[in-house]
Amino acid sequence: MAVRKEYIEDLEKLKEEVLRMGELAKESAKNAIKALVQRDTELASRIIKENVTIDELEFDIENRCMKLLALQQPMAVDLRTIGTCMKVITDFDRISDLAGDIAEIVIRIADEPHVKPLIDIPRMSELSQGMIADCLKAFSSGDIKMLEDFSERDDVIDALFDQVRRELMMIMIENPRGIANASHLLFVALHLERIGDHACNIASRILYMVTGEKRKLE
Amino acid sequence: MKKRKKMGKIETRSLNVYYGGGAVHALKEVNIKIEANKITALIGPSGCGKTTFLRALNRMNELNGVKTKGEVLMDGADIYNGKVDVIQLRKRIGMVFQQPNPFPMSIYDNVAYGPRIHGQKNRKLDRIVEESLKKAALWEEVKDRLEESALMFSGGQQQRLCIARALAVNPEVILFDEPCSALDPVSTARIEALMRELKNDYTIVIVTHNMQQAARVSDFTAFFLMGELIEFGETTQIFERPKDKRTEDYITGRFG
Amino acid sequence: MKETVIKISLCMVALISVAVLFTVAAYIFLNGMQVISLDFLLKSPNYAALEKGGIFPQIIGSLCLLSVCLLFAVPLGMASGIYLAEYAPENIITKSVRFFVECLAGIPSIVIGLFGLIFLVYYLGFGPSMLAGGLALGFMILPWTVRASEEAIKAVPRSYREASLALGASKWQSIRSVVLKSAYPGIITGILLGAGKAIGEAAVILLTTGGLVTYIPHSLLDDVGALPVYIYMVLTVVPASRDVAESYAFGASLVLITMFLMISVFALFLRNRYVKRMSGSRR
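Chains as they are written, first to last, in the working numbering: chain A, 234 to 451; chain B, 63 to 318; chain C, 190 to 472.
To be clear, the hints were calculated from the coordinates, so they are not data collected in a lab. Be aware that a few hints might be false.
[Stated by the list, open to error] With the Cβ distance kept under 7 Å, some of the chain B side facing chain A (calculated, not the full set):
#1 G132
#2 F301
#3 R308
#4 T314
[Claimed, not checked] Non-contacting residues of chain B with respect to chain A, defined by C-beta distances greater than 12 Å in every case (computed):
#5 N93
#6 K95
#7 D137
#8 K183
#9 K186
#10 A277
#11 E290
#12 R303
#13 P304
#14 G315
#15 F317
Just so you know, these numbers come straight off a predicted model, no measurement behind them. Glycine is no exception: its CB is placed at the ideal position from the N, C-alpha and C atoms.
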């Protein structure tokens with residue numbers, strides 16, 4: 234019989250829940266851009282509703298963490314794990330909030346034509362999806378090799394954002410009637426850039442969880 | 063008693079201890095450097111050798127027919143050298159035990175016991191008793207009851223009395239062998255606070271079964287397992303990022 | 190229900206023991222009381238006419254014998270007890286020593302008396318005397334003082350010794366200052382037991398001291414009287430009517446028992462004072 238069997242099971246359950254929250258947040262972010270591209274307002278509404286579930290999940294996970302801290306005096310890797318869980322759920326929550334913001338924009342501009350074809354924005358989304366997916370893999374497996382190049386990957390997202398911003402600024406100057414739509418798209422790009430930053434935060438937390446080293450990935 | 067400068071640094075080199083005429087190898091090649099004026103905690107599962115190690119530091123092991131090989135250096139000098147006077151050594155290295163064990167005498171006589179044994183004259187004893195009891199945070203509670211039997215007091219007070227008794231002989235190092243395991247949480251907290259105060263003037267080594275206590279109280283922690291020193295380092299590092307998997311397994315309770 | 194029955198049965202049995210004690214005591218008291226008078230206690234015996242004499246020299250003699258006995262058995266017993274408890278290694282030699290001491294306890298007192306007679310009185314030439322009697326009694330109670338000392342010292346918790354040694358005391362300092370002090374109540378009890386046996390012992394004293402003594406001893410080699418011997422003499426050798434002899438025997442018995450009680454009380458008083466001393470301060 235393993236010592237501290239229930240404690241170990243609780244820890245595993247905690248990690249599962251965090252992974253679940255991460256998956257949900259990732260899906261929301263993916264669907265938000267899918268809804269934008271496909272002008273799918275129903276999908277957008279679902280995303281906004283899903284936000285509530287994700288908020289509740291964050292609350293629940295935080296409670297689990299506090300309970301483990303209070304009752305089990307976790308040490309070493311367990312302590313780092315719980316600390317990491319408490320931090321990354323904030324990031325996941327922010328990611329899903331940002332996805333919700335994008336969804337609201339989708340609903341607002343659904344009937345308008347886009348001022349420019351959507352190429353870079355979906356690319357930004359793909360890259361950030363990849364980063365979040367790698368975070369979740371690293372979190373569950375403990376293999377942190379895939380997190381090593383996050384700085385560079387985030388730089389790529391930042392660069393794409395700069396490009397989108399410049400293009401949209403140009404459009405707004407040349408075509409005043411497209412300012413509304415352009416600014417909405419600018420916000421979408423901004424939100425995606427933020428999602429990328431959150432993915433970096435999550436990655437540094439996971440790095441700390443596994444190695445005990447504190448390193449910031451920008 | 064004057065304020066002391068940094069003394070009481072202890073180092074062991076290839077320390078080996080055997081029980082039962084060589085049959086049991088209780089400590090294996092322990093090399094450790096204990097810093098002066100710091101609290102060092104010794105942790106590990108039952109039978110890992112931490113108490114054996116502690117008792118090797120003031121040669122109390124010799125009472126149990128134990129063989130010691132290797133060196134234990136206090137401020138550079140090996141205490142197992144044949145020329146060393148064990149009596150004088152135990153003046154420099156005091157010990158507080160797991161069960162409070164005050165003598166069946168008055169508070170005053172308990173604290174004065176050590177100085178009296180070493181020839182201290184009566185005139186100075188009053189002052190020594192008062193200072194020791196103050197250092198042990200017990201003076202206010204007992205100053206009007208010095209003639210009462212020590213056995214009349216609570217466990218926590220008795221343990222602080224034992225600490226005062228050890229302080230009265232002016233040691234450089236104080237060894238604590240699970241000092242709080244027989245005490246309630248409030249008394250435990252007081253003694254932990256007391257230890258943090260004492261480390262300014264003394265070097266403290268504490269054996270504890272309670273990892274949270276080691277984490278709360280110590281500057282350095284040593285993890286023993288089956289007679290070997292597995293890991294030794296700053297307490298923060300040991301409890302947040304242990305380097306050895308065995309240390310981590312013990313600390314997180316994965317030990318089956 | 191069963192518990193109550195058991196409780197009552199045990200209580201009644203205990204009461205029977207008490208009743209036996211009271212019966213014996215009352216018998217002695219009632220029979221001896223008639224003889225007790227200031228004369229009886231302060232005069233020398235008159236063996237030709239018992240009524241005209243007393244038992245004063247016997248009282249003094251018993252006390253003297255007890256003193257010599259304790260002077261021999263207590264230091265020797267305590268020292269042996271300390272050695273056996275603290276210094277002796279647990280080997281066959283030590284076990285043999287303990288065994289021999291126990292054997293000594295098993296030797297019938299008359300045999301000890303015989304040994305005293307042949308060795309102390311004749312061979313060493315002490316003659317029937319306080320010295321011979323006291324020493325023989327000492328031999329007799331030695332196992333009790335040794336045993337009581339050893340057990341009392343062994344009963345002292347190991348933690349006291351450890352604490353003392355950890356403070357830089359030597360082994361002997363620890364024994365003297367802590368262990369012995371804690372052991373004294375037990376040692377005193379053992380001495381008391383021995384004293385009780387010694388004071389009432391007839392066979393040993395009979396063979397090593399004189400019989401019809403009428404004077405108080407002036408030196409160790411003087412002949413000495415003792416209450417148990419007086420009782421024996423009065424009942425067997427002295428010419429007197431049976432009633433008179435018996436009542437004087439009872440009288441001496443009463444005095445003997447009273448002396449023993451006084452010694453016990455004194456010893457217990459010493460013991461309690463010691464226990465209190467362990468809580469008191471020595472400034």
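Each hint tested on the structure:
1. G132: 31 Å, violated
2. F301: 5 Å, holds
3. R308: Violated. Min distance 12 Å.
4. T314: 5 Å, holds
5. N93: 24 Å, holds
6. K95: The claim stands: K95/B keeps its Cβ more than 12 Å from every Cβ of chain A (closest is about 23 Å).
7. D137: 34 Å, holds
8. K183: 50 Å, holds
9. K186: 46 Å, holds
10. A277: Since the minimum Cβ distance to chain A is about 8 Å, A277/B lies within 12 Å and the statement is violated.
11. E290: About 20 Å separates E290/B from the closest Cβ of chain A, which puts it past 12 Å; holds.
12. R303: At about 3 Å from chain A, R303/B fails to clear the 12 Å cut-off, so the statement is violated.
13. P304: At roughly 5 Å from the nearest Cβ of chain A, P304/B sits no farther out than 12 Å, so the non-interface label is violated.
14. G315: The claim is violated: G315/B sits with its nearest Cβ about 4 Å from chain A, within 12 Å.
15. F317: 6 Å, violated
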